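From these two lone chains plus the hints, build me the complex, please.
For the record, the sequence lines run as chains A and B.
Count along the first sequence from 1, add 502, and you get the number used in the numbering used here.
Count along the second sequence from 1, add 90, and you get the number used in the numbering used here.
Some hints here could point you the wrong way.
As the list claims (entries may be wrong) - Derived coverage of chain B by chain A (criterion: at least 3 residues anywhere in the stretch with Cβ under 8 Å from a Cβ of chain A; other residues may be distant):
#1 156-167
#2 192-202
Claimed, not checked - Sample of chain A residues lacking proximity to chain B, with all beta carbon distances greater than 10 Å (derived):
#3 509
#4 510
#5 519
#6 520
#7 526
#8 546
#9 550
#10 554
#11 569
#12 572
#13 573
#14 581
#15 601
#16 609
As the list claims (entries may be wrong) - Partial list, derived from the structure: chain B residues whose beta carbon lies under 8 Å from chain A:
#17 118
#18 122
#19 124
#20 130
#21 132
#22 133
#23 134
By construction, these hints were calculated from the structure, which means they are not laboratory data.
All figures in this text were calculated on a predicted structure; none of them were measured in a lab.
In this text, a Cβ means the ideal position worked out from N, Cα and C, and glycines have one as well.
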Amino acid sequence: EAQVTQNPRYLITVTGKKLTVTCSQNMNHEYMSWYRQDPGLGLRQIYYSMNVEVTDKGDVPEGYKVSRKEKRNFPLILESPSPNQTSLYFCASSRQGRVYEQYFGPGTRLTVT
Amino acid sequence: DAKTTQPTSMDCAEGRAANLPCNHSTISGNEYVYWYRQIHSQGPQYIIHGLKNNETNEMASLIITEDRKSSTLILPHATLRDTAVYYCIVSRATSGAGSYQLTFGKGTKLSVIP
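The following block holds chain B by itself, in its conformation from the complex (with noise of 0.2 Å):
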């Protein structure tokens, strides 16, 4: 699977939008873009995942570059339930060897301050 990088933390203000990036500069062609998020302790929650196209969904939308060598997750009127930690993931989707698999980095910590 692709490596990711992603910023170790952000703020964002609350109500407006938080834009938070991810590096995958070795993602190849059947790599999916995965995003979770994790608040505090909990188990992590899926939000959303793209191939090229843009997504989005109830949570959020999702960015991805024409050549999809970066995405960003974009969360348009931020609160503080959305302080938490988001994890960007590259993983093929179908069935095949290691793609049973979602290999979770160390995130970025999205701080929403009042």
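So here's chain A without its partners, still in its complex pose (with noise of 0.2 Å):
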């Protein structure tokens, strides 16, 4: 079954503990992107990559961290949580020149206290 991943689920942590939050997709896809998502304020991207070893810049990169070392994983890290990185965390994936039909994986709840 053609799917996005993402692991864990859920993650309660404490300030400043490392983390890492996985990404995979079995479809062969080019384009990765990570999203947050916070009440009011709607879907906001993180980073993005094109393909192995570029990535970019979304609107929200403050704070975290990515590497695509390999084409179906796209790690996010989070090298010192805060509390106001608590929100609802999507992967995306999509074929190269049809970037709009996006992939989202089920989501991750982050809770940093």
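Structure representation (structure tokens):
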């Protein structure tokens, strides 16, 4: 089944403790992206990647890092999480040239205390 | 990318057509209109897109006005499972600076009523 998977689905952590949210897709998509969703603010793009080793900032990249060493994986790294990064996170992927048709993962609900 | 304006919320009776409007008066000639929806806390789902012609697929129809300043997403026979937030997005489809970002606004919350 074609899908985007994220792990963990739920995470509660403390300020400053480094964490990684994994994202993997099995559709051989070139393009991958991370979004965060907060009440009243809608979906905002954090980072995106057009292909392996090619990443770029979205609208809200501060406090996040990403890497794209393999085509299928696009982990989101929070080096020193803070409470304002408490949010619902979505990973998405698409074929290059059809970036408008993005397939989203199920989401990761992160709480930073 | 052009800015879009959508109503905050709408109701629709089950079995009736749901017509969701979107204004995009500053759309430029190379920008497409895309629609996504998000069922409560799930990942958004692509629905349909168009440039200037009306489009139809198994999920919905998209009607774009001749001047392209507005569009309407039509769900022909709404069901309870269509209750979701619907996002109208305007963006370029081809490569170029900034064109790989889809910017989601606040969307329209559609409630399908039994």
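Structure-based check of each hint:
no.	hint	result
1	156-167	violated (count 0)
2	192-202	holds (count 6)
3	509	holds, 14 Å
4	510	holds, 15 Å
5	519	holds, 25 Å
6	520	holds, 25 Å
7	526	holds, 14 Å
8	546	violated, 8 Å
9	550	violated, 6 Å
10	554	holds, 15 Å
11	569	holds, 18 Å
12	572	holds, 19 Å
13	573	holds, 16 Å
14	581	holds, 23 Å
15	601	violated, 5 Å
16	609	violated, 6 Å
17	118	violated, 16 Å
18	122	holds, 7 Å
19	124	holds, 5 Å
20	130	violated, 11 Å
21	132	holds, 7 Å
22	133	holds, 3 Å
23	134	holds, 5 Å
Hint compliance for this structure: hints 1, 8, 9, 15, 16, 17 and 20 are not met, and every other hint is.
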